Amino acid sequence: MAVLSGPRPTRDTQTTGRPGGPRGLVTTFLGYATLIFFGLVFLYPFVIQLGNSFKSEPDAAANPLSPVPDPVDLTSFERIFEGTAFPLWMGNSLLVTVLVTAGRVFFDSLAGYALARLRFRGRAGLFAAVIAVMAVPGVVLLIPKFLVLNQLGMYDSYAALIVPLLADAAGVFIMKQFFESIPVSVEEAARIDGAGVFRTFWSVVLPMAKPALITLTILSFQGSWNEFPHSLVAVQDPDLFTLPRGLADLVSGSLGSGTQYPLKLGAALLATIPVAIIFVVFQRYFVRDANDGADKG
Amino acid sequence: MAIDALAAPATPAVPPARRRRGGVRGNENLAGWLFVAPVVLILGLFLLLPILMAFWVSLTGWNGQGSPFTGDVPVVGADNYTRLFTEEGLARRDFMTSVRNNLYYVAIVVPAQTALALGLALVVNNRMLKGKAFFRSAFYFPSVTSSVAISVVFLFLFANSGAVNGLLALVGIDGPQWFADARGVLHILLGTVGVDQPPAALTGGGPFGLTWWDWLSGPSVAMVSIITLVVWTTSGTFMLMYLAALQNVPAALDEASTLDGASRWQRFRYVTLPLLKPTTFLVVTLGLIGTWQVFDQVYVMSQGDPAKTTLTPAYLSYRTAFRDFDYGSGAAISFVLFLIIIAMTLLQRWVMRDRDAGRRPWWRRRVPGRS
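Taken in order, these protein sequences are the chains called F and H.
Going by my numbering, 289 is the number at position 289 of the first sequence; the sequence numbering is gapless.
Start counting at 1 in the second sequence, then tack on 1000, and there's your number in my numbering.
Quick caveat, the hints were computed from the structure, so don't treat them as lab data.
These figures come from a predicted structure and were not determined experimentally.
One should not assume that every hint holds.
[Said to hold, decoys possible] Partial list, computed: chain H residues near chain F (C-beta under 7 Å):
(1) Asn1029
(2) Gly1032
(3) Ile1042
(4) Leu1043
(5) Phe1139
(6) Trp1212
(7) Asp1296
(8) Val1300
(9) Tyr1318
(10) Ser1334
(11) Leu1337
(12) Leu1339
(13) Ile1340
[Claimed, not checked] Beta-carbon label-pair distances, calculated as ranges:
(14) Thr1086(H) to Phe37(F): 49 to 59 Å
(15) Leu1346(H) to Phe106(F): 34 to 44 Å
(16) Val1075(H) to Glu78(F): 33 to 43 Å
(17) Phe1069(H) to Pro211(F): 54 to 64 Å
No residue lacks a Cβ here, since even glycine has one placed at the ideal position from N, Cα and C.
Build the full structure now, drawing on both the sequences and the hints.
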């Protein structure tokens, strides 16, 4: 985008109506009306989810639109924790998410740093390969991944859930872009002081990459917490189910008989809460990522 | 190097210097590869190698027993592929049904999510309004949540006596049984004008084993609810992309066109929209790639039912391999899907470029994005 290199105006300078005057008022009114309408469209389903998971089954069936449970009924949550393997799924999801996130942040920054700063034979080709890998559609890889896991004897194990997700091309790309924005002089100073390559990376450059590391951590957390298709082809033992897998099983599998909507909505709600908290706390990092995507176009 | 040699012509000094330099470079070479080794290993092992293995499996009739790489597995050559396209049978019928479903899905989701994303971005970018940060987050929030969890919520919303039908009842419409109704919306629309039976011309035959009447069904009612869900979850992401682009539109440009007497619509149509073209290109391309991969929602909400009207190639490939244990066919479907996605991306690229070049003669063409 050539526009990016031009002089940047201050943000929010779009004008869609003159201040004051009847036209401005109408525009403002229409603007708020649209915002509120779409705000409801985008948030009300979550409100319904929250309200209905505290309802009794007949109440949820009779008043699905109402956000207020009458009476408040906690049996669905009791049954989530006592009647399903929810705690197990939660534990598995936590384990997988923590290990995958740690692995991605470490491995992706190592590779990103090497691709940004170290001169080694095959670097250009490797970077092209990373870009190409980013373009491979994930769903096409379901059967292939199963084949490899099976062939390596990893199928149906924690390793199958974790190892294939330990690195991702998009993360390498984000880290490489960030490392390139750090001035070389910093590293040169460290080198002159006698630091080796790894030491320079670990104690000088990496601490400067905090914003990128936070972004990558959040994206990896969100991605692996929500990951569904991979767990579908990596394991089949119910003891290894992660939350999305367990939830899908709850809806379409053995427990799917009958409606049991408060139970299902409650389980889905509990699965959403960690990501929702991360989102609310770190909103600006989510937004930054999407902006970076637009700049590539 | 040369300066070193000049400065210290004495022979003993040169070799250590050279060795040391080579050492640093060699050190960096080694370090570079050590740094990228884990990523190369993981991506190679779980991305590149699988593709090669799956291609081999797509040429076999492997049923999941033992290893597909021994001599015991029947090699069937291109059979798995021809069964999808040329041979009469269930395999082709299911595959073509899934392609039809996905075509309607793409044709509605991509324009809808692009338009909605642009619309939301324009509203959120409005200087006059307060509280935009909140709404921006509200619109984006569904994009970061789990697709499985969201699907559960939408199953409830679209239940027979659910919230959507409750809303429809408020305006006097008797809502359908969303996940049991296999009728295509085009067929339903034709039904309201009295065309209940397909004309003979459309049932006689059609491409790839489906009748023209089947091809022209429109998305089924069940598919419409999945479409609603996906547009709802994805437009927030694309809104952010549009928003980033809008905030880089120079204000002076807008003011100049206002002074020239352009109306709001003209400013949008002839100033803003052309400047957003790179973003639109990105959004549509990502949309095309994403919509051909719809899987999670189908798995959770409908499993391809009712009457296979929510079957998509991605889900069909999974089902063929892991439920029917026909890994060869499943892998073949994956590869065809892979080609479809690549073809869509290239087509979209070509359409955008062609229109750009065709609109004005070459001598008046400007550098895109700069005016």
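Hints versus structure:
At its closest, the beta carbon of Asn1029(H) sits 4 Å from a beta carbon of chain F; the interface hint therefore holds under the 7 Å criterion. Here the hint on Gly1032(H) is kept, as its CB sits about 3 Å from the closest CB of chain F, short of 7 Å. Taking 7 Å as the C-beta contact cut-off toward chain F, the hint placing Ile1042(H) at the interface holds, the least distance being around 4 Å. Against a cut-off of 7 Å between C-beta atoms, the interface hint on Leu1043(H) holds, since the closest Cβ of chain F lies about 6 Å away.
Here the hint on Phe1139(H) is kept, as its CB sits about 5 Å from the closest CB of chain F, short of 7 Å. Nearest Cβ of chain F to the Cβ of Trp1212(H): about 29 Å, over the 7 Å cut. The hint is violated. Evaluation of the Asp1296(H) hint against chain F yields a held restraint, the C-beta minimum of about 5 Å falling below 7 Å. With a cut of 7 Å, the hint placing Val1300(H) at the interface with chain F holds, because the nearest CB-to-CB distance is about 5 Å.
Hint status for Tyr1318(H) relative to chain F: holds, with the closest Cβ pair at about 6 Å, below 7 Å. Given the 7 Å rule on beta carbons, the hint for Ser1334(H) holds: about 5 Å separates it from the nearest Cβ of chain F. Here the hint on Leu1337(H) is kept, as its CB sits about 6 Å from the closest CB of chain F, short of 7 Å. The beta carbon of Leu1339(H) comes no nearer than 10 Å to any beta carbon in chain F, farther than 7 Å, and the hint placing it at the interface is violated.
The beta carbon of Ile1340(H) is not positioned within 7 Å of any beta carbon in chain F (closest approach about 10 Å), and the interface hint is therefore violated. With their beta carbons about 50 Å apart, Thr1086(H) and Phe37(F) fall inside the hinted range of 49 to 59 Å. At roughly 36 Å, the beta carbons of Leu1346(H) and Phe106(F) sit within the given window of 34 to 44 Å. Checked against the hint of 33 to 43 Å, the C-beta distance between Val1075(H) and Glu78(F) comes to roughly 55 Å, which is inconsistent with it.
Checked against the hint of 54 to 64 Å, the pair Phe1069(H) and Pro211(F) fails, with Cβ atoms roughly 46 Å apart.
Hint compliance for this structure: hints 6, 12, 13, 16 and 17 are not met, and every other hint is.
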